[in-house]
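With chain V held as given, fit chains F and C onto it using these hints.
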Amino acid sequence: MAAIIRMENIIKTFPGVLANDKVSLEVEKGEIHCLLGENGAGKSTLMNILYGLTSCDSGEIYIKDQLVEFSGPRDAIASGIGMVHQHFMLIPVFTVMENLILGNEPVKGLKIDKIKSEKILADISGKYGMEMNLHAYVKDISVGMQQRVEILKLLYRGADIMIFDEPTAILTPQEILELYKVMESLRQRGKTIIFITHKLKEVMEISDRVTVLRDGRVINKIKTESTNTRELAKMMVGREVLFSTRRPEKRAGAEVLRVEDLYAKDKRGQKGLKGLCLNVKAGEIVGIAGVDGNGQSELVEVLTGLRRTDSGSIKIEDREMAHRNAGRFLAAGTAHIPDDRLLRGLILDFPLYENMLLGFQDQKPFTKGIFIDFNKVRQWSKGLVEAFDVRVPNVNVQAGSLSGGNQQKAVLAREFARDPKLLIASQPTRGLDVGAIEFVHERIMQARQNGKAVLLVSLDLSEIMNLSDRILVIYEGKIIAEFMADEAADTEIGFMMAGGGKK
Amino acid sequence: MKKNPLFDIFIGNDSVFSFVKAILAVFFALIIVYFILLLTGYSPFPVYGALLKGAFGSRRCFGECLVSTTPLLFSGLGFAIAYRCGLFNIGLEGQITVGGIAAAFIGYIFPEMNPVIHVSACIAAGFLAGALWGFIPGYLKARFGIHEVISVIMLNHIAFKIAAYLVSMQGPMKDRLDDMPASPFIRDSAKIVRLVNGSRVHWGIILAVITAFIIWVLLFRTRLGFRIRAVGKNKYAAETAGINVKRHIILTLSISGALGGLAGAVEILGVHYRLFAAFSPGYGFDAIAVALLGMVHPIGIIASAFLFGILRSGSVFMQAMYGVNKDMVSVITAIIVLFMGMSAPIGIMIKDRFKRKSHGTSV
Amino acid sequence: MELLFKLFSMAVFASTLRIATPLILASLGGCMSERSGVINIGLEGMMLMGAFTAVVGSFYLGPWPGLILGILAGGMMGLLHAFMSVTLGANQVISSTAINIMAVGLPNILIPVIWPGHYGISPTVGVIKDINIPFISSIPVIGKVLGHQNPIVYVALILVPVISYLLFKTRIGLRIRSVGEHPRAADTLGINVYKMRYIAVTMSGLLAGLGGAFLSICYQSQFSSVMTAGRGFIGLAAMIFGRWTPKGAMLACLLFGFADAFQAGAQSAGVPIPPEILLAFPYVLTLVALVGLLGKTAVSPAANGKPYLKG
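Chains as they are written, first to last, in this note's numbering: chain V, 535 to 1037; chain F, 317 to 679; chain C, 678 to 988.
Chain V extracted, bound-state conformation (with noise of 0.2 Å):
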């Protein structure tokens, strides 16, 4: 069969990074053709080549066979090409049928004609099996629908080539499957998709074949019936990855948060946390499950003292904690690694040194009085950073210069140095390579090793189940199931993350 998409010796540099080098590929009209590869393997930059986001310095695309060049993605939707990016480009305030129209609007006169859209995009959205209320506002439907609306947008825009960027990171198990079955009926259909993810489960189990990147070039392409996980991640990793952290023998100890009856609003107002409970005990790891949106960052804002309280108890080693804001927090022996290092974590302008100051900007033995000794934060910093393998030049760069995994590699040096009793992580891998998900792992294990007390957040399922001595299931603002780690299968988890457990 003949490539309907061929980009050949793509080369593309950022300041400092050489993000595609001479990568080539190809890809079959109506298969579902995966794009492997770490974070910063490369991918999204050839992506957003292809959907003319960015441009290459060197390279040619090819289009069904015709050469083209796209100045941007308007160039690219008219080609056909279409994508539905990781972080969704849907605008909440708006509702699902003016996202769906946006840049495409049919109008009579100067008026959009609401009642023309209303039809044709019934029409497209009952072919596919993806009905929705088109009124509802994107702010107010569930993130696995959101996806739908990305994907019905590329459809409403006659997309015959569909770029889905890490589409499942979001999703609950069961939803993944729904997306499988929509992508089954679009190959069906005759679309082609490139399925661009770092897991390889995913891999084997939906597509046709695949491309591995590396470090910005091709380390192959593969049918994907001719392979398995280990031979991919071999690939993608360029050595022998383990797929799970050790997790040693480890009794817990005594209860150091107890958290009762916690109700908090939600950044819009509307009721967050309704009722929530749970407790995290000294030398364990608590994982908390759930589809995105049902309360976890309330949670762990209200845990940090970050979000007020409308009541209920946060208990700190029998320390009522409840509307103490964040520097009590901090004083009662909570680290918190900040799901947005960039919004939270870290100060992007600030010298190194400053963001490892932060927090402790008036505890001894960096102040004098009112000043603060800024030689004796350099010091220390230096030796934070050395341990925690921060690869700087020096303590004086700025944080918005240091890569991803530095910066989180930094946060959690800073965390880590004061000793907390409860260490709170939210989502503390996100957008990290392979590398330094393996390091923050290790990292989070030892805090339980030394007795701390852990309570994890975060969105990839996995990522909870490979840690956790115990996974709780957040629903609509409360814990609704409690799983103990060995009793635990992803598809009973999935179920209650759904909001299974209720009908």
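Hints listed in this document are in silico derivations from the structure and should not be mistaken for laboratory results. This one's a predicted model, so the numbers in the text were calculated from it and none came from an experiment. Hints are not guaranteed to be accurate.
What the hints assert, rightly or not - Covered by chain F, per the in silico footprint, the following chain V stretches (three or more residues, Cβ under 8 Å):
1) 854–862
2) 879–888
3) 896–904
Stated by the list, open to error - Straight line, CA to CA, 27 Å or less: simulated BS3-like cross-link-like pairs of lysine-lysine:
4) Lys642/V x Lys846/C
5) Lys801/V x Lys562/F
6) Lys549/F x Lys337/F
7) Lys805/V x Lys562/F
8) Lys551/F x Lys910/V
9) Lys846/C x Lys645/V
10) Lys846/C x Lys673/V
11) Lys642/V x Lys653/V
The beta-carbon is built from N, C-alpha and C at its ideal position, and this holds for glycine as well.
Leaving out everything else, chains F and C in the frame of chain V:
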């Protein structure tokens, strides 16, 4: 990897690069104004000459230059500390006004007394009044989320109207013995002493420079300064680090307003000796340009306040000599602000280009 | 009692409309710009440039060409702001502050060049005269308020639903709002973010320019550099109060206009309050009104104030 010495000297080093950008901003402003002067029928070089002569031509002229520098330095520092906290205080003109009102009031209401006590009391009154005028927008922002830009503009106008009322015909601070809409003169013991004979320059300039050093230490050496800068660069990270963001917004705007109040107080006590409406000719608005050109750094601001002092005092001479409206200076100010606004993104562009050149494709 | 009657007379309502007109135009400009994600505190300066240019135009060519030139001058300032903040990605607050500073200085330089001997204030020029709409003015109560007004007052009132329609019903409106909410999403759909923001910010300038022209050649008949007196900022506050919608902003402007007309009425009626204090009333009211928004969730466009840099 190819080394580029020019890059290392002028662009690689952040503080030198800042300085280069500031010089370029002034340079471009002068070029654009050159053309404006040409178009409006003046010959630019003599006009610029007059500007310089007005600032340096004589001891008296230089004194006037320092007289203008003083309030510009105070208010530039005021703008800078707020800016470092992520706040845009364009309300310094109003804060100067209330500072002047308070200082003038204490200056004439009490009888002659020990000058140190009297001057200190007047300055303290100006400081507190300015602080109040900064506290209000700070509180409104922290408590109600009202953008400080809007509230300070409203407070500016309210301050102007209050000042106008106080010295109007039926106003309580009006000097009954004088037809001028102005307050009585302050007591001799409330006047800030002149620095040299034959010039209006007074000890306020020394106080302003000392204040600049205090603000420098405050911002870069103290716990409070660290917290202020953290809130300014990333309030979410600051909050996560246990810093009370709202409290620091209120505190910083109060300090910022207090510096404006100082500018007003010192202007009244050292130059005018009495209150009249609109006694500040827009120092509070120049403060924006002063601070931005000074790279929002107290030491840089000393230099840029001096530059604006030259422009302010020179422009009076320029107007007298050539009839060029002294508002030409505000055009220079605007262009400098525009360039400083552009300098951050353009600076990044220049750095990227140089980096790409020197790195090549070898990584 | 008689005093109250005076203060709530039809004349006060009629002057409310006149006072509110430049505020409405400024707040519409604010809606356009901020809906596209560009903060515009330069409305004040854009109005001032519009007011000045309109006077110059009226002096040489007559009031109507003056009006057009005033609008265009505002638009030019909008373009400058767009260039700074969209193309160059400069800090939008700094960029628009520069426009405000420039708009105070430039006219003062040009006045003595254009009109030798004049400083700070232009000579009086021809104005656009009020018109009488017989059909409306014959209606009993409304007629007294709406029947005899300046044409620009009607234009402003008509522009409110027009801008509202433009933003919320048309294709370009949807696109403008989309770049104000999530420019990257709009970009992925092939919408030119820069173009949309240029259009919106320039329109914002045109509207502010019209507001300024109204001030100088309708409401008054000359230019002075203090004539806007914070109206651009009050318009901005009205836009926030009206939650970034033209209709809400208009209501807020009418409220401010009423406050101003009320204080003017109080002054002429001889209320024993000093005029300077009464003049401060609209500014105090603006602050109080913003405080009154307490507890309602902010609806500012999500990408407001953030420069968009293509990845």
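Of the numbered hints stated earlier in the document, which are not met by this structure? Failing hints: none at all.
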